[in-house]
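S.K.: Sequence:
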Amino acid sequence: QRMRVTRAEPVLVHAAGDVPAADEYYFLSNLDQNVAVLMKTVHVFSPSRARDDAAAVIMDALGRVLVHYYPFQGSLVVSADDGRLSVRNDRRGVPFVVADADCELKEVGDVVLSAPDAAAVQEQLVFVGRSNSEEKEDDELGAPLLSVQVTRFRCGGFVLGLAMNHCLADGVAAAEFLRSWAEMARGVPLSSPPFLDRTVLRARTSPTVAFPHEEFAEMEDVSGLAGLREEPRVHRAFAIDADRLARLKRQACACSTFVALTAFVWRATSRAMRMRPEQKSKLMFAVDGRWRVDPPLPRGFCGNAVVFACCVS
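Per my numbering, residue 797 is the first one in the sequence shown, and the count goes up by one each step.
Since the hints were made in silico from the structure, they are not lab data. Computed from a prediction, not measured in an experiment: that's the story for all the values here. Just so it is clear, CB atoms sit at the ideal spot from N, CA and C, and this is done for glycine as well. Some hints could be false.
Derived pair list, reagent style DSS-like, types lysine-lysine, alpha-carbon separation capped at 30 Å [as the list claims (entries may be wrong)]:
id, residue 1, residue 2
1, 836, 902
2, 1045, 1078
3, 836, 1078
4, 1076, 1045
Restraint-style ranges between C-beta atoms, simulated for each label pair [claimed, not checked]:
id, residue 1, residue 2, range
5, 820, 989, 36 to 46 Å
6, 836, 1050, 34 to 44 Å
7, 1036, 916, 43 to 53 Å
8, 1109, 844, 44 to 54 Å
9, 1109, 1030, 19 to 29 Å
10, 1104, 983, 16 to 26 Å
11, 1108, 852, 23 to 33 Å
12, 844, 1070, 41 to 51 Å
13, 1016, 1083, 37 to 47 Å
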């Protein structure tokens, strides 16, 4: 039996206090510009950690954390001059929805990976606020930068579902936002206040490319790989425990766990795609640039600073 979720009407949450004086438009770096898509996540809280007023506490804490993260309550706009994205500090607000499910959490299973209809389940647990676009209601650029849904289950557990525009934050910054939100809910000071000035990553007016960027280079297809994109794909999660990792590392040269596992997956993928020996392939993986740039970004930097590193073989 499929889970059914009943949503109440959304309430707009605004910063519950004075926010710092700011320009009308909030600057977004080139790294922010590239990822203006909605990221949907679910955060599950078991009955043992739940409380009857969880939704009210979360909503109150959201208003207080928005004082520190005030751009999150704005609107994404496109400049008519150069087509760049920025956030208008218009206090649009964050849509907040309370919902109720007709089952217990244990009946849902793993809402991320293993549930037979995980995607459909997630759609019920994540609310996306109405777009402000008059042309397309499902326009992600016109949707609120952040939408929140708290879904209560019969067992007492609940799920926090978020739809956040990636231009606001990468995974590191999003995790710090969630931690700050949780600290507001617990009534403790922020352990790491956000650094919001993204102009520290403003591009030079005369771009200087100092080295080849293989991550953007085209790989010649000598193996007929284009047809693979048309084949149906199956999503599966593989659990790699410590024993398997140890066996894998014994088969490799002295290297880190990340290098051993990544090389294994790269080789397995190349074999599965039946690549010819002379076929070049590209491995890309995310790297946090916060402390790798010179000078390092300030502590608590809120924005996108994770970039792709690339290997070609």
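S.K.: Look at each hint and say if it fits the structure.
M.R.: Hints and how they fare:
Straight-line distance between C-alpha atoms of residue 836 and residue 902 comes to about 21 Å, which keeps the hinted pair within the 30 Å bound. Annotation: proposed proximity of residue 1045 to residue 1078 holds, straight-line Cα distance about 22 Å (limit 30 Å). For the hint pairing residue 836 with residue 1078, the CA-to-CA distance comes to about 27 Å; that is within 30 Å, so the pair holds. A C-alpha spacing of about 25 Å is found between residue 1076 and residue 1045, which places the hinted pair at or below 30 Å, so the restraint holds.
Distance hint check: the CB atoms of residue 820 and residue 989 are about 23 Å apart, inconsistent with the given range 36 to 46 Å. Take residue 836 and residue 1050: their Cβ atoms lie about 40 Å apart, and the range 34 to 44 Å holds. Evaluation of the 43 to 53 Å hint for residue 1036 and residue 916 yields a failure: the beta carbon distance comes to about 28 Å. Taking 44 to 54 Å as the suggested C-beta distance range, the pair residue 1109 and residue 844 conforms, at roughly 48 Å.
At roughly 26 Å, the beta-carbon separation of residue 1109 and residue 1030 lies within the given 19 to 29 Å, and the hint holds. Between residue 1104 and residue 983 the beta carbon distance is about 39 Å. The supplied range of 16 to 26 Å is therefore violated. The supplied range of 23 to 33 Å is broken by residue 1108 and residue 852, whose beta-carbon atoms lie about 53 Å from each other. Distance hint for residue 844 and residue 1070: a CB-CB separation of about 49 Å, consistent with the stated range 41 to 51 Å.
A hinted range of 37 to 47 Å for the beta carbons of residue 1016 and residue 1083 is inconsistent with their spacing of about 26 Å.
When held up to the earlier numbered hints, the structure conflicts with 5, 7, 10, 11, 13 and fits the remainder.
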